[in-house]
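S.K.: Each chain, letter by letter, is given below.
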Amino acid sequence: MYYFNVNHFREWRRCARSLLQARISPDEIEWGSGNQHSLFEPMADSLDEIDSLVPAGRKPAITMPKAFVELAETAACYRDSKKWQVLYRLAWKLQNHSRHIIHDLTDSDVIVARDMAKSVSRDMHKMKAFVRFNDLEFSCLPSLINAESVEFLKRNISGDGSSGESCFVAWFEPDHLIVEKLSPFFAKRFTGMHWCILTPDQCVFWNQAELRLAPGCEKPAGLADPMHGMWKTYYKSIYNPARLKEQAMQSEMPKKYWKNLPEAELLPELIEQSSARTQKMLENERTPADRLSRKSSALRNAQFEIQRTLEKKRQEVSSAPPKN
Amino acid sequence: MSALIKKLAILADAAKYDASCASSGTTFRDSAKTSGIGSSGGMGICHSYTPDGRCISLLKVLLTNFCIYECSYCVNRASSNVPRARFSVDEVVKLCLDFYKRNYIEGLFLSSGIIQSADYTMEQVVAVARKLRIEHGFRGYIHLKTIPEASKDLLAQAGLYADRLSINVELPSEESLQQLAPEKSTVTIESTMGRLKEAISEHKAEKKEQRKKSTNRAKRIPDFSPAGQSTQMIIGADNSNDAVILNKSHHLYKSYEMRRVYYSAFSPIPDASSQLPLKPPPLIREHRLYQADWLMRFYHFKVDEITQTTSTDDGMLDLDVDPKFAWALQHREYFPVDVNRADYEQILRIPGVGVRTARRILQQRRFKKVRIEDFERFKIPFKKIQFFVQAANYTPSIGDVSSTAIKQRWLAQSQGTAFFAAAQKKNQLSLF
Numbered sequence: 000m001y002y003f004n005v006n007h008f009r010e011w012r013r014c015a016r017s018l019l020q021a022r023i024s025p026d027e028i029e030w031g032s033g034n035q036h037s038l039f040e041p042m043a044d045s046l047d048e049i050d051s052l053v054p055a056g057r058k059p060a061i062t063m064p065k066a067f068v069e070l071a072e073t074a075a076c077y078r079d080s081k082k083w084q085v086l087y088r089l090a091w092k093l094q095n096h097s098r099h100i101i102h103d104l105t106d107s108d109v110i111v112a113r114d115m116a117k118s119v120s121r122d123m124h125k126m127k128a129f130v131r132f133n134d135l136e137f138s139c140l141p142s143l144i145n146a147e148s149v150e151f152l153k154r155n156i157s158g159d160g161s162s163g164e165s166c167f168v169a170w171f172e173p174d175h176l177i178v179e180k181l182s183p184f185f186a187k188r189f190t191g192m193h194w195c196i197l198t199p200d201q202c203v204f205w206n207q208a209e210l211r212l213a214p215g216c217e218k219p220a221g222l223a224d225p226m227h228g229m230w231k232t233y234y235k236s237i238y239n240p241a242r243l244k245e246q247a248m249q250s251e252m253p254k255k256y257w258k259n260l261p262e263a264e265l266l267p268e269l270i271e272q273s274s275a276r277t278q279k280m281l282e283n284e285r286t287p288a289d290r291l292s293r294k295s296s297a298l299r300n301a302q303f304e305i306q307r308t309l310e311k312k313r314q315e316v317s318s319a320p321p322k323n
Numbered sequence: 000m001s002a003l004i005k006k007l008a009i010l011a012d013a014a015k016y017d018a019s020c021a022s023s024g025t026t027f028r029d030s031a032k033t034s035g036i037g038s039s040g041g042m043g044i045c046h047s048y049t050p051d052g053r054c055i056s057l058l059k060v061l062l063t064n065f066c067i068y069e070c071s072y073c074v075n076r077a078s079s080n081v082p083r084a085r086f087s088v089d090e091v092v093k094l095c096l097d098f099y100k101r102n103y104i105e106g107l108f109l110s111s112g113i114i115q116s117a118d119y120t121m122e123q124v125v126a127v128a129r130k131l132r133i134e135h136g137f138r139g140y141i142h143l144k145t146i147p148e149a150s151k152d153l154l155a156q157a158g159l160y161a162d163r164l165s166i167n168v169e170l171p172s173e174e175s176l177q178q179l180a181p182e183k184s185t186v187t188i189e190s191t192m193g194r195l196k197e198a199i200s201e202h203k204a205e206k207k208e209q210r211k212k213s214t215n216r217a218k219r220i221p222d223f224s225p226a227g228q229s230t231q232m233i234i235g236a237d238n239s240n241d242a243v244i245l246n247k248s249h250h251l252y253k254s255y256e257m258r259r260v261y262y263s264a265f266s267p268i269p270d271a272s273s274q275l276p277l278k279p280p281p282l283i284r285e286h287r288l289y290q291a292d293w294l295m296r297f298y299h300f301k302v303d304e305i306t307q308t309t310s311t312d313d314g315m316l317d318l319d320v321d322p323k324f325a326w327a328l329q330h331r332e333y334f335p336v337d338v339n340r341a342d343y344e345q346i347l348r349i350p351g352v353g354v355r356t357a358r359r360i361l362q363q364r365r366f367k368k369v370r371i372e373d374f375e376r377f378k379i380p381f382k383k384i385q386f387f388v389q390a391a392n393y394t395p396s397i398g399d400v401s402s403t404a405i406k407q408r409w410l411a412q413s414q415g416t417a418f419f420a421a422a423q424k425k426n427q428l429s430l431f
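So the sequence lines, in the order shown, correspond to chains Z and X. Mapping of the first sequence onto numbering that gives the first Met the number 0: position 290 corresponds to residue 289, and the numbering continues sequentially without gaps. Mapping of the second sequence onto numbering that gives the first Met the number 0: position 117 corresponds to residue 116, and the numbering continues sequentially without gaps.
It is worth saying that the hints were derived from the structure and are not from the lab. Treat the hints with caution; some may be incorrect.
Derived DSS-like pairs (lysine-lysine); straight-line CA-CA distance at most 27 Å [claimed, not checked]:
1) Z:Lys127 / Z:Lys81
2) X:Lys196 / X:Lys247
3) X:Lys378 / Z:Lys255
4) Z:Lys153 / X:Lys247
5) Z:Lys65 / X:Lys367
It should be emphasised that the depicted structure is a prediction, and the values quoted were computed from it without experimental measurement.
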């Protein structure tokens with residue numbers, strides 16, 4: 000039995016290549032992530048032993064279909080470490096049985112790998128959507144992130160960070176290990192800003208020139224933004240209470256995301272008021288289409304009245320005997 | 000700040016009855032190697048959802064809700080009692096950038112009430128987009144509502160900055176327009192749509208031509224509304240039936256290459272015109288129209304095939320079942336479809352089978368015969384397909400089960416499911 004402790008797709012691929020070359024079957028390997036240790040012995044922490052099984056010149060070329068590599072790269076972000084075993088079994092079948100298996104939607108490993116990739120993709124999509132940046136001054140950063148990261152962020156600002164330059168800070172809790180995979184997306188979108196996204200698994204920093212990854216952290220206290228009021232006003236105003244469909248909202252924006260969305264605190268109030276607001280709109284008296292013309296003719300009459308009064312006063316003044 | 004918050008409240012409220020929210024299908028762009036912000040392309044992103052189940056993808060606001068037009072269905076019509084406000088060009092630009100930087104939105108959807116003249120108003124709308132693109136290097140999504148009466152020159156400018164342009168057709172017939180939107184006319188609306196269509200396809204053709212010759216010069220040809228044009232129809236404000244509405248949509252898709260026709264059931268508003276019907280239409284009607292629209296665009300249904308399913312008395316779609324199911328119930332001779340032999344088009348006709356499932360069925364057939372229990376994996380209830388498919392281990396015993404009986408059974412068993420309950424609730428709402 001071989002044991003591999005793998006934390007990243009790159010590491011898994013390196014291991015899988017050697018294992019496939021040495022024709023080590025999936026049953027002989029146990030995969031894990033993090034610092035957990037297997038009950039099985041002996042463990043093979045290094046690949047040297049495996050690599051030495053096949054002489055350098057006799058190693059078979061390992062090529063995988065593109066569809067597999069893409070699927071594996073996404074599935075590799077799945078939180079549970081069972082993914083490595085599934086991916087290796089799949090790679091084994093592709094290498095030793097048929098390259099077409101990757102398209103067989105009834106293969107149990109294909110099903111599991113695709114389900115994992117789907118779950119990861121959805122999580123990535125939601126992270127793109129629900130990350131909320133808070134505009135903070137550089138001087139606030141040391142209380143949120145470590146000194147090294149602050150230094151990294153400061154690298155590309157005009158001043159020394161003491162005169163109001165801002166950095167956009169977000170806290171997010173993804174289901175899967177997707178921060179690294181998504182960081183280029185954020186860098187290409189928010190290129191002209193300094194920002195960081197903090198998560199329990201991994202943090203990412205952008206200083207308008209480079210990305211930096213760092214270990215995860217705890218949720219920082221005191222994330223706030225001067226635009227929260229504007230955003231909540233917008234959210235409240237764009238909602239049409241006559242169309243309440245709570246379930247549709249929740250299926251797209253499940254409760255687990257609410258705690259990190261500033262607008263979500265409005266939800267109970269908006270939902271509760273919906274039917275009364277709609278009822279009121281339905282009961283309101285309806286405006287005749289000619290309201291404007293009636294209103295304007297009333298205005299005109301009022302103006303005539305004022306003019307008449309003025310004229311009268313003027314005449315009274317002019318006809319009055321001069322004062323001496 | 001507080002004055003701006005008040006304006007935002009008024010001008011977002013004024014914009015919420017426009018159903019369009021898409022931010023997808025435009026060119027792939029990002030801000031890498033620029034000092035700006037913004038990216039777009041591919042799937043749109045919905046940044047939040049309001050309790051009506053609608054997404055917030057764009058900052059959807061009006062530049063102003065003052066309006067000289069009197070369209071009865073509109074919350075901003077001249078005679079409406081709503082509070083009025085007006086943003087300056089700079090205010091919208093700043094708001095859009097501030098929201099974007101915090102990742103609240105994908106971009107801007109800007110529309111406006113008509114003030115002074117069509118050209119004056121359109122100029123302001125274009126000025127916002129120009130400022131975002133040119134002065135701020137903004138590369139996010141921009142959707143501009145286009146005023147059909149505005150000059151050709153302004154339209155041409157709008158297309159250079161916007162990802163999508165839209166002109167609302169508002170109502171399906173000229174008579175309805177005359178009655179409910181006296182300042183608008185089908186002729187003006189459609190001739191502007193025609194002009195947009197030409198400009199969009201000309202730019203595309205030119206770009207393609209240049210790309211063939213050399214890659215560098217193709218980049219210099221500007222995009223013109225790369226995500227095309229869309230439109231919106233108000234449902235239930237006039238007495239047009241679903242058949243009339245779907246025929247109109249078909250015409251719009253065919254003649255002007257619309258990317259989308261949005262359907263917006265007119266909604267109770269704070270100050271409704273006495274010209275409008277008392278009751279808003281059930282939301283399920285809007286939903287059925289969207290389903291029918293999908294059938295035309297992605298399922299290769301001809302418009303006549305769908306309108307034939309409408310009731311002969313009033314030309315309305317069946318509210319109880321989706322239009323594809325309704326079609327299948329009317330065309331029992333077409334079924335069962337053998338999922339192991341039929342082609343893609345035929346498989347797409349099976350009730351409950353969507354575009355993705357149809358493709359999966361074809362893919363699976365290359366390896367293994369499709370069995371009836373596979374539909375569980377495709378997440379399609381057996382009850383829905385039971386009389387319509389034939390699989391490797393399954394042939395339906397159609398015998399003399401009538402379409403009416405199938406429909407009754409389906410309705411009986413879907414009672415209590417979330418969707419059906421919601422649909423019923425919507426129907427009840429209309430009984431106020």
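S.K.: For every hint, state whether the structure bears it out.
M.R.: Going down the list of hints, with the structure as the test:
Taken as a hint, the Lys127 (chain Z) and Lys81 (chain Z) pair is honoured in the structure, with Cα atoms around 26 Å apart against an allowance of 27 Å. For the given pair, Lys196 (chain X) sits about 17 Å from Lys247 (chain X) by alpha-carbon distance, which is consistent with the 27 Å threshold. Using a Cα cut-off of 27 Å, the hinted pair Lys378 (chain X) and Lys255 (chain Z) holds, with the two alpha carbons roughly 24 Å apart. At roughly 58 Å between alpha-carbon atoms, Lys153 (chain Z) and Lys247 (chain X) are farther apart than 27 Å, so this suggested pair is violated.
A threshold of 27 Å between alpha carbons decides the hint, and for Lys65 (chain Z) with Lys367 (chain X) the separation of about 23 Å falls inside it, so the pair holds.
In the structure shown, a violation is registered for the earlier hint numbered 4 alone.
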